[in-house]
Amino acid sequence: MPYPQQTLEKRMHEAAQKYQSGSDQVIEEVYHDLMPFCLRVASRTCNRYIDEGDEEASIANFSILEAFEKYSPERGAFLSYLGRVVRNRIIDYKRREKKKTIIPISNLIKLENIDTLVDDTFFDSILEDMDRQKEIEDLRALLDGYNISFADLVKTSPGHAGSREKVRHVIEIISSDSEFSRQVLENKTLPAKVLKEQHNISTKLLDRYRKFIIAGVIIIAHDFSYLVPYVLPSGGKKDG
Amino acid sequence: MAKSKGIILESHDQWAIILNNKGQYKKIKTARPMQVGELWYDTSAPVKKFAAAAAIVLMLLGVWVEFFSVVAYAQVSSGVKIGVNRWDRVVKVEASNAQTEEYIEKAKLKGKKIDEAVEQVVHDTIPGKSNITNHSKPVVTVTSTKKNETNRQRLIRELNKKVQPITKKTNSGKVSNPQNKAIYSKVPAVQRSVQNPFSVKSKSWNQPVKTNQVPNNWNTPPVSVYNSRTYQFWGIQPIQAQDKERVLPEKVQTEQDKKPNFIPVKNNETEKFPATINKKHDRTMNSPRMDMQSKEYRSPKVHKNKQTNGSDQREKYNKDKSR
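Chains as they are written, first to last, in numbering that gives the first Met the number 0: chain A, 0 to 239; chain B, 0 to 322.
If you are wondering where the hints come from, they were derived from the structure by calculation, not from laboratory data. In this text, all values refer to a predicted model and were calculated from it rather than measured experimentally. All residues carry an ideal CB built from backbone N, CA and C; glycine is no exception. Hints may contain errors.
[What the hints assert, rightly or not] Here are some of the chain B residues that sit facing chain A, going by a computed Cβ distance under 7 Å:
no.: 1; residue: S3
no.: 2; residue: I6
no.: 3; residue: E9
no.: 4; residue: W14
no.: 5; residue: I27
no.: 6; residue: K28
no.: 7; residue: A52
no.: 8; residue: V56
no.: 9; residue: V64
[Claimed, not checked] No farther apart than 30 Å at their CA atoms in a straight line, the calculated lysine-lysine pairs in the BS3-like style are these:
no.: 10; chain 1: A; residue 1: K210; chain 2: B; residue 2: K112
no.: 11; chain 1: B; residue 1: K112; chain 2: A; residue 2: K154
no.: 12; chain 1: A; residue 1: K203; chain 2: B; residue 2: K47
no.: 13; chain 1: B; residue 1: K160; chain 2: A; residue 2: K210
no.: 14; chain 1: B; residue 1: K91; chain 2: A; residue 2: K210
no.: 15; chain 1: B; residue 1: K160; chain 2: A; residue 2: K154
no.: 16; chain 1: B; residue 1: K112; chain 2: B; residue 2: K48
no.: 17; chain 1: A; residue 1: K133; chain 2: B; residue 2: K21
no.: 18; chain 1: A; residue 1: K165; chain 2: B; residue 2: K107
no.: 19; chain 1: B; residue 1: K318; chain 2: A; residue 2: K165
no.: 20; chain 1: B; residue 1: K112; chain 2: A; residue 2: K165
no.: 21; chain 1: A; residue 1: K203; chain 2: B; residue 2: K112
no.: 22; chain 1: A; residue 1: K195; chain 2: B; residue 2: K21
no.: 23; chain 1: A; residue 1: K154; chain 2: A; residue 2: K69
no.: 24; chain 1: B; residue 1: K160; chain 2: A; residue 2: K165
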């Protein structure tokens, strides 16, 4: 799935049409797909992390309903429309809070910079973030199978630019050869012997950065489109 | 400048794990909680780089300022005043009159090592050779702007090495140390005028001097350490007057002692250089320092004898000079 956000957009578009034609259950079906997006919009708007128990989350819930009711195709993409609704409702809520006598000072300060209009790139970037998050969660699940956590990768990352480039080269070799990558993905081992014989890569390097190499191969093999550019060697060797 | 950027892989309260654009997995500190999948931009790197650059600039500035700050002056009697920085480089040259100013412009002393510069000045302004000075012999005075006595003593030592070979023929020049007046006055006049045989040996002396004495250690502590008692303690041997020029008649010395052979320092002149601690010059300034003397010097007895037939010596000396 190269563009998950587009498929989501399509689904939501259909769901909105269904809802307006009278089937209420549609919202319950798509609710779990929409909520992360709404929460992200809310947290961007408030500039802090918002989780489902927060008051802003319940505002987001109402906003979803409102968006489904009022949406029409000439208003643009459904998701950015929904995002705008969520954002506006949260800003309204903040303004109402402001009129109350007791307000935390932090709210006052934040209101200054949220009361600005945003364009669609704001919501696009949120959608992109969500796609990235999905990729990262998939990657984490895959790495769990190898008993590798992100913290392990931090520890084993090659710090020196030269060695990093070498290791990235190894990743490129493995993932460009289908036999090698099959061995990594199925047997969960590195083809150390063959690499040493054919490409003159020392076992020490492979052993030291084993986890880093496996993570890189997985990212390329599963074609995580957002993560791949971070893994491939930077020295102008990008093919395709 | 490529900014460091990355994707948040794992988010926690105060920190997060990112995959940055160098392909590194890194743990970073975050001010606000980030969400997984968000892009992260490094904002601290330019600040750090700026701070490092500023520190380097400040350091260079400090060195620059320090380079041009004068810590000591060496004043040659011909009227050239040379300011020297802490690395013994000439950074300031002052002239007492128009003639010397002209000379200074030609000489290009700035940036040279102090000993080279003084050597050059003394060499160029030897009486008779140049018309800049009308004094009988060059005298170099070292004054320190800071109260940095050890540095001044070291400068004197170094300058003596250079100045002596040039000036010996004219029976002149010593780097003098006005603060050691008291000690010099204890040393008999004749002995003061004797050259250091080692400096004689080392440079431009036509005939090699045969010396059988223990080499004078140049690393001996400054002259102020010695007093007349330690002087007596040394084995003082009678001088072997092989060379006429090396035996310097005391008459010449006394003549020069009578008239000032340096630029007389007026009171208002000293105020021009408020940093100098140079008081009035006196005759001891023309005399060698004790640590420049070797053990070849005459004993007090010999000295007395010499004084008796000093007139002969003076005539001989004058003959040599006129030749």
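Hint check, B/I6 versus chain A [nearest Cβ-Cβ separation less than 7 Å]:
6 Å, holds
If you draw a straight line from the CA of B/K160 to the CA of A/K165, is it 30 Å or shorter?
61 Å, violated
B/A52 as chain A interface residue, shortest Cβ-Cβ below 7 Å
21 Å, violated
Can the restraint linking A/K203 and B/K47 be considered satisfied, given a maximum Cα separation of 30 Å?
This hinted pair is violated, its Cα atoms lying about 35 Å apart.
Regarding the pair A/K203 and B/K112, is the alpha-carbon distance no greater than 30 Å?
Violated, at about 56 Å.
Can the restraint linking B/K160 and A/K210 be considered satisfied, given a maximum Cα separation of 30 Å?
70 Å, violated
Using the nearest Cβ pair, does B/V56 come within less than 7 Å of chain A?
27 Å, violated
Any CB of chain A closer than 7 Å to the CB of B/K28?
This hint is violated: B/K28 lies away from chain A, its Cβ roughly 13 Å from the closest one there, beyond 7 Å.
With a cut-off of 7 Å, does the beta carbon of B/V64 approach a beta carbon of chain A closely enough for the hint to hold?
37 Å, violated
For the pair supplied as a hint, B/K318 and A/K165, confirm whether the alpha-carbon distance does not exceed 30 Å.
86 Å, violated
Satisfaction of hint between A/K165 and B/K112, Cα-Cα up to 30 Å:
52 Å, violated
Is the straight-line distance between the alpha-carbon of B/K91 and that of A/K210 30 Å or less?
With a Cα-Cα distance of about 65 Å, the restraint between B/K91 and A/K210 is violated, given a limit of 30 Å.
Hints 1, 4, 5, 6, 7, 8, 9, 10, 11, 12, 13, 14, 15, 16, 18, 19, 20, 21, 23, 24 from the list above are not met by this structure, while the remaining hints are.
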